[in-house]
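Novice: Each chain, written out:
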Amino acid sequence: MKKFACAVAGAASLLLCAGTQAAEPATGSLTIAQAAESTMLDVTRAAAGVDWYILGNINEQLLQPDPTLEVKNWLAEKWELTEVDGLPVIEIWLRKGVKFHHGGELTSSDMAFAHKRLANPDVSKWPHYQAKVDHIEIIDDHHFKIIFKEPDGTFIPGAGLMRLYGISEAYYTSHSEEEIQQRPDGTGPWKLVDRKVKEEFVLEAHDDYWNQEHRPGVKNLTIKIIPEDITRVAALQTGAVDWIDAVPPAMIEDVKKMDGIATTARPSGNNLFMSLPQYLDKLPGRNDNPFKDVRVRRAAALAVDMEGIIEHVLFGQAQRYTTTTPGSAAYDASVEPYPYDPQKAKQLMTEAGYANGFDVNCYNLITPREPNVKEYGEAFYAYLGQVGIRCKLIGEEYAPWLARNNRSREPQNDGILTHMWGHGVVADPGTPWSGHMHCYAPGEGWGSYSHYCDPEMDAMVKEQATVMDPADRIPLLKRIGKKKYEDVAGGITTYVPLVTFAWREDKVDYKPWPWMGFWRKLQEIGIKH
Amino acid sequence: MLNYLIKRILQGVISIIGASAIIFAISRLDDPTLLLLPIDATPEMVENLRQRLGLDLPIVQQYLIFLGNALQGDFGNSYRWEQPALQLILDRLPATLELAFAGLVFALALAIPFGVLSAVYRDSWFDNFAKLFAMLGQAMPNFWVGLLLILFVSVNLGWLPAFGREGFDSLIMPAIALGWYPVAAMTRMLRSTMLDVLDSDHVRMARAIGVPNRVVVWKYALRNAAVPLVTMLGIYFANMLSGAFVVEVIFAWPGMGRMVVEAMFARDFPLLQVGVLFSAILFVVVNLLVDLSYGVLDPRIRHD
Numbered sequence: 001m002k003k004f005a006c007a008v009a010g011a012a013s014l015l016l017c018a019g020t021q022a023a024e025p026a027t028g029s030l031t032i033a034q035a036a037e038s039t040m041l042d043v044t045r046a047a048a049g050v051d052w053y054i055l056g057n058i059n060e061q062l063l064q065p066d067p068t069l070e071v072k073n074w075l076a077e078k079w080e081l082t083e084v085d086g087l088p089v090i091e092i093w094l095r096k097g098v099k100f101h102h103g104g105e106l107t108s109s110d111m112a113f114a115h116k117r118l119a120n121p122d123v124s125k126w127p128h129y130q131a132k133v134d135h136i137e138i139i140d141d142h143h144f145k146i147i148f149k150e151p152d153g154t155f156i157p158g159a160g161l162m163r164l165y166g167i168s169e170a171y172y173t174s175h176s177e178e179e180i181q182q183r184p185d186g187t188g189p190w191k192l193v194d195r196k197v198k199e200e201f202v203l204e205a206h207d208d209y210w211n212q213e214h215r216p217g218v219k220n221l222t223i224k225i226i227p228e229d230i231t232r233v234a235a236l237q238t239g240a241v242d243w244i245d246a247v248p249p250a251m252i253e254d255v256k257k258m259d260g261i262a263t264t265a266r267p268s269g270n271n272l273f274m275s276l277p278q279y280l281d282k283l284p285g286r287n288d289n290p291f292k293d294v295r296v297r298r299a300a301a302l303a304v305d306m307e308g309i310i311e312h313v314l315f316g317q318a319q320r321y322t323t324t325t326p327g328s329a330a331y332d333a334s335v336e337p338y339p340y341d342p343q344k345a346k347q348l349m350t351e352a353g354y355a356n357g358f359d360v361n362c363y364n365l366i367t368p369r370e371p372n373v374k375e376y377g378e379a380f381y382a383y384l385g386q387v388g389i390r391c392k393l394i395g396e397e398y399a400p401w402l403a404r405n406n407r408s409r410e411p412q413n414d415g416i417l418t419h420m421w422g423h424g425v426v427a428d429p430g431t432p433w434s435g436h437m438h439c440y441a442p443g444e445g446w447g448s449y450s451h452y453c454d455p456e457m458d459a460m461v462k463e464q465a466t467v468m469d470p471a472d473r474i475p476l477l478k479r480i481g482k483k484k485y486e487d488v489a490g491g492i493t494t495y496v497p498l499v500t501f502a503w504r505e506d507k508v509d510y511k512p513w514p515w516m517g518f519w520r521k522l523q524e525i526g527i528k529h
Numbered sequence: 530m531l532n533y534l535i536k537r538i539l540q541g542v543i544s545i546i547g548a549s550a551i552i553f554a555i556s557r558l559d560d561p562t563l564l565l566l567p568i569d570a571t572p573e574m575v576e577n578l579r580q581r582l583g584l585d586l587p588i589v590q591q592y593l594i595f596l597g598n599a600l601q602g603d604f605g606n607s608y609r610w611e612q613p614a615l616q617l618i619l620d621r622l623p624a625t626l627e628l629a630f631a632g633l634v635f636a637l638a639l640a641i642p643f644g645v646l647s648a649v650y651r652d653s654w655f656d657n658f659a660k661l662f663a664m665l666g667q668a669m670p671n672f673w674v675g676l677l678l679i680l681f682v683s684v685n686l687g688w689l690p691a692f693g694r695e696g697f698d699s700l701i702m703p704a705i706a707l708g709w710y711p712v713a714a715m716t717r718m719l720r721s722t723m724l725d726v727l728d729s730d731h732v733r734m735a736r737a738i739g740v741p742n743r744v745v746v747w748k749y750a751l752r753n754a755a756v757p758l759v760t761m762l763g764i765y766f767a768n769m770l771s772g773a774f775v776v777e778v779i780f781a782w783p784g785m786g787r788m789v790v791e792a793m794f795a796r797d798f799p800l801l802q803v804g805v806l807f808s809a810i811l812f813v814v815v816n817l818l819v820d821l822s823y824g825v826l827d828p829r830i831r832h833d
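If you read the sequences in order, they're chains A and B.
Take the first sequence: its letter number 496 is residue 496 in our numbering, and every next letter is one higher.
Take the second sequence: its letter number 299 is residue 828 in our numbering, and every next letter is one higher.
Since the hints were derived computationally from the structure, they do not count as laboratory data.
Every value quoted in this text rests on a predicted model; they were computed, and no experiment measured them.
Incomplete in silico selection of chain A near chain B, CB under 8 Å:
| no. | residue |
| --- | --- |
| 1 | Met40 |
| 2 | Arg45 |
| 3 | Lys125 |
| 4 | Pro127 |
| 5 | Lys196 |
| 6 | Glu228 |
| 7 | Ala234 |
| 8 | Ala240 |
| 9 | Ala399 |
| 10 | Pro400 |
| 11 | Asn406 |
| 12 | Thr431 |
| 13 | Gly435 |
Computed spacing ranges between beta-carbons, pair by pair:
| no. | chain 1 | residue 1 | chain 2 | residue 2 | range |
| --- | --- | --- | --- | --- | --- |
| 14 | A | Asp194 | B | Leu619 | 16 to 22 Å |
| 15 | B | Ile764 | A | Ile394 | 32 to 38 Å |
| 16 | A | Ile139 | B | Leu596 | 53 to 59 Å |
| 17 | B | Ile594 | A | Gly285 | 38 to 44 Å |
If you want the footprint, here are the derived chain A segments under chain B, 3+ residues with CB under 8 Å:
| no. | region |
| --- | --- |
| 18 | 197–210 |
| 19 | 445–452 |
Glycine included, C-beta positions come from ideal geometry on N, C-alpha and C.
Build the full structure now, drawing on both the sequences and the hints.
Specialist: Laid out in structure tokens, this is it:
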């Protein structure tokens, strides 16, 4: 048996530095407001990002990033990655004394049940994340092994960190699917007490929560759903709510000037980029294929003043990135974004034989998922025109955009496409890179959203999908990131939106915690004494 | 009368079935499966979901299944919520009805006195004020009125809550925002018809025989001028029911409109179909009631 030198942490080292909440029992009430509403409240069935706003407070996983984005052991007290007969095995020691909201203690049997439920395609939206797991072997109540049938490079760092939620087998098998969704069970710091669709969620601090250092400092929390930006800000201003998420970019300066209001901004879990199709000559009515030439791709990257767009179109509420953002395993500070250099861009266009430019469709995504995406696209595509990449701007709403983006669907994309796909504010970009940097391989699962193709990149992307040991994986991801930058592979990386939270600083004690980059995990929110 | 009623109900049923067929066909132009799964879902997962939702069947077969189930009260589960679509809409319907009714009451409470008085005092300062008010009302969309109300009444004055549905206080501003446009339209309509009626022979006769002006205006003239107003009332009430979603979003009002619009963007077909079906039913019912009310207001057009 080969044992990799992976992160193994003892219980003592797991407790993070002192938080803002003391260990005394939570009391009092807070009312807060969120712009978007979670629909599905079952971790197995949930698929939309917004669902994790609530679920991230109810359910927990084996690992959890802390506020500094460092991944900590959470329900797992420690873990080891080993190899048996050439196949990976993750051995996990569960934390003792972790209680479910509706009673009972978390055991290995619950984790095995969670795996089976997640692997069941009739229930789960995530069976592909368990596809390489052969089975779970229970050693004792707090010790089990995840036995793989083949390596899965993104299992540990991928979305959801080891991808197993602590859910109660007893609760899930004694309640209907509808009941589970109405009153989900979990080990998290908050228990769902009531829910009124389109109105509110009522949560209660979990009295028996295992983490005494980092837990809510208030007993009752009501989350109102207020989709309209101005109304949400007005609700904070009038004191109707004590905390809000998603302060609209155009109002951030005004909110910061309000008396008694504190704000903080965090990078969202979403990465925006512009896909450049490399197969235009294969489409009807087109003989040239300008984006096949790396010089044209670089020219496009150099043609756009992203700093200007961030400042003036996105009101400063964005962060540039090249490979990934800080907090991701693949982050490489030495790889800087392409500068704004239209002269160099024109020179590259001339060298590539496009001195007079060319015409291309530009599909501009229209969606409220991130602020000002449409305006960012309009500005971006206008900049391309300055160096001869003449856009025919076509606005596209989210559902048809998704179909155009997906290579297996019609209509086939025939132009530049605004794209968004989270690269992991924590964790790593293995999954999105497999989706948009590998050549499209019908039926094989590679490159489903890819408009780029390069055999060398394919080999690297395939390799990362099998490398589980962080000691090998991180350098490999950084090599891919370097090539991605040099080759403008998978499109032009543009920005990660920032999400701003605001609260009444005389009343609320708040420390933002990430959960899949959404930052709606209310691990440490309380009343200021 | 009974024959007329039966005929109108049959027409209504045909309209409702037609609306359901149209929305069914239009909604099937898109495939929702990509929206319902994670972006990295495998092609097998997408196909599996399509089969489970019955989206792999021919559209005519899908529609017949939908109709068959609908006749038994089963409209299927919402794709996003995975809950019965009918129940989701029924739970939200009272809030929408409440808002639409309040908006209508607000509109009538202003439109009737404004319309009548501006006709009676034609070209006076009040008439000019009413015309200006009507013009402003038609020029300002309800989302703008709603936001102004929030900023002025909630934030600056602190009189009313900015959002939610908790008691009468929270209903006032959404009702004003929703009723704002109809006030303007109804005022103009009523003023115009009142001017015609006040100039008619029977009104002049009533005045000549000494009927008090108050009675002439508010009893006889208004009743005659009310027929077009009632027509308008029916149209606006139906529009308010189906078009309240903007106001519902602004005031975080938990109504059906918000849910249906979100269902449209999410390609949540079952929820969308139930929402549209309910809108169609309400539209048909309101129009039928309006038609029947003509006979009450004007015996000459009773459906005997």
